[in-house]
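So the chains spell out like this:
Number of protein chains: 2
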Amino acid sequence: MDLFAVFKELQQKSDTKILLVVLDGVGGLPLEPGGPTELEAARTPNLDRLAGESALGLLTLVYPGLTPGSGPGHLALFGYDPFRYLVGRGALSALGLGVDFRDGDVALRGNFATLGPDGQVLDRRAGRPSTEENRRVVAKLQEAIPRIEDVAVYFYTESEHRFLVVLRGEGLGDGVTDTDPQKTGLPPLEAKALDEASRKTARVVNLLSARIREVLRDEPKINGALFRGASRRPSFPSMAEVYGVRAAAIASYPMYKGLASLVGMEVLPVEGEGDAHEGKLKVLRENWEGYDFFYLHFKKTDAKGEDGDFPGKVAEIERFDALLPEILALKPDVLAITGDHSTPALLRAHSWHPVPLLLKAPYLRRDAAQRFTESEATKGSLGHLRGMELMPLLLAHAGKLLKYGA
Amino acid sequence: MDLFAVFKELQQKSDTKILLVVLDGVGGLPLEPGGPTELEAARTPNLDRLAGESALGLLTLVYPGLTPGSGPGHLALFGYDPFRYLVGRGALSALGLGVDFRDGDVALRGNFATLGPDGQVLDRRAGRPSTEENRRVVAKLQEAIPRIEDVAVYFYTESEHRFLVVLRGEGLGDGVTDTDPQKTGLPPLEAKALDEASRKTARVVNLLSARIREVLRDEPKINGALFRGASRRPSFPSMAEVYGVRAAAIASYPMYKGLASLVGMEVLPVEGEGDAHEGKLKVLRENWEGYDFFYLHFKKTDAKGEDGDFPGKVAEIERFDALLPEILALKPDVLAITGDHSTPALLRAHSWHPVPLLLKAPYLRRDAAQRFTESEATKGSLGHLRGMELMPLLLAHAGKLLKYGA
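For the record, the sequence lines run as chains H and U.
Residue numbers for the first sequence follow the UniProt record's numbering, so the first one is 1 and each next one is one higher.
Residue numbers for the second sequence follow the UniProt record's numbering, so the first one is 1 and each next one is one higher.
Bound-form chain H, shown alone:
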């Protein structure tokens, strides 16, 4: 069932503003059974007060048990079915690095590898080089291989053994198999076209692999490359088309700016380092009149979780809490605060656990939840929703969605 067709029919203009705050990876776990999660441990007087006058609930972003990557988690929050709107691995890397990546380009995720004298893979990660070493080799390749046939080739360092290639030229499909054999002792695979439109891409990838081996033949460790996840920039319907909103994104990290741009949001430039709290608020204030939907992203809650830093994640939640009065001063008609997935410090990774959702909006019912925490959200009047169900709820509370059926 394509709900976008329904939403398109039901669009209604209204002079209201929706603000979606995403605290990346905010959901957590207790370090010991029965203990508090990061949100439960945090002192959040402003969030507590807001929760008392809001409706709460839980969001399972993608599906019970499925741990969302950043792509599926965010697309779900934007209302895009994460099983239907897929972003390939190469495209996601390009978005994450924030490089020039245009319609028609094909992005490939690369691993530097060590190949033996007969061409077989000895180490799929070339001994995990430093990122500095990666930069040196990428510069060498970029200079030696500016193009293959009429296709421009752009190399970018990701980290350690990981790099990105963007191919730019006419007639490049992305239906191409990986060259990574996924195990040592075998030679890299030949890239094969999965459709007619991708034959040129496959040929270029194979020529590129051969050229890389030539250029790197005297390198002691990094003397080959394995490619995965060839993908074009996905072409998704925009939030303007689907929901009829003018949407803006305020985020610091390339991945989130990239994901927002995929759904047609205007990405507003933010000044400042890291999470740039003040820079983001400044941009939000300055652009408040220009849009009716804002996506405001904070990254550090996830980063601290990935580091296994429980107190650090608590501190980031408290930093957000301190910022909250400035956000509320803008008086958004509809304010949602949630996460794109859980990142419990206990697990040092994303997890499948649902995230709390706070909704401050007109037309709420009484709600028993008193804090923006996982356990309080369980009591909330919004119940337990799927991530992609949030967006129509926000539109409804904002008066932007008409009645369905007569």
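If you're looking for bench data, these hints aren't it; they were derived computationally from the structure.
Source: prediction; values computed, not measured.
Zero decoy hints are in this set.
One copy or two, it doesn't matter: identical chains are merged, so the pair holds either way.
Computed list of lysine-lysine pairs in BS3-like fashion (alpha-carbon distance at most 30 angstroms, straight line):
1. 403 - 379
2. 403 - 17
3. 379 - 360
4. 403 - 331
5. 221 - 183
6. 17 - 183
Given the coordinates of chain H, assemble chain U onto it according to the supplied hints.
Relative to chain H, chain U alone:
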């Protein structure tokens, strides 16, 4: 969206064990409004203690308001979409009786009927004969009709007027219409092939119907047969393929062993009568090292509910409670306790009401539910899930499911 394709991609091996305990039909209803359900009335000190350190929730097995049969209820618990993975009526009977039923066989559910002199149906149930009488007629038919053309025919007693026929031979499709006209005064219908591959089956069913009338022409009441639900043994992807687990089933009743075998579980032999509590525990202990997923089934909670025996069902719940310490002693990494549907004694039948779910596993949050009951489960941190959503959740907690999307 076929989630099995997703799960296949995300399989991860881990050295953990999942134990899924199914208390058949465990969900109940109060005998009088405001009174306790069977679970609420039961004294369950071990379950109560476990609930205190577990996460709880509710499962709607198939769909709100839909009362699950044993097939859909169990397939949902195994993660198989009960609207997609269908078991025909004939096949379900064959599984329930535990008879030899092989790939390529076609099973048909039969009703003994009384036909009038012109061949019209006078009684679709032949006056509800005793099961003993059914056995006598089945034996007579089996002796007289060992085969039709080159197809072997096997007759089995189910109960009263109900019997089963299994056809075994080459080229038997199961796209065949029923011969039961569903009302009296009409003659039995001719079986028709719905596809080319089922033409032989239709012909054999019609010849069989005629032969049955010949053989039974002197019987006073049982002188005809009506057939429904021709079906082959379904061919489902195995749990090993979909989830990457080695799965074992421990159950006493043929239906549940049959359903487990349909999803590729190894069915372990259990000694003892009825629910065979000790026999099942013995098999579980002896095979603990050999598998990473166990399905452990108890039937009597359902049977007592079907009997309308409220105290009997309470007693069966208490019997399970007494067994629980022995189960916990095996220290499963992930333990789920739930039902395949409700069978309230009040209704003497399966019902659509959700069943409580208890999950004891690593990586749980605080949970307000303190007992394994319908009303406490409503407060649980797992929320209200659909039956088929349980399996990925178990895999996630067991570390057997990778991240979805980068």
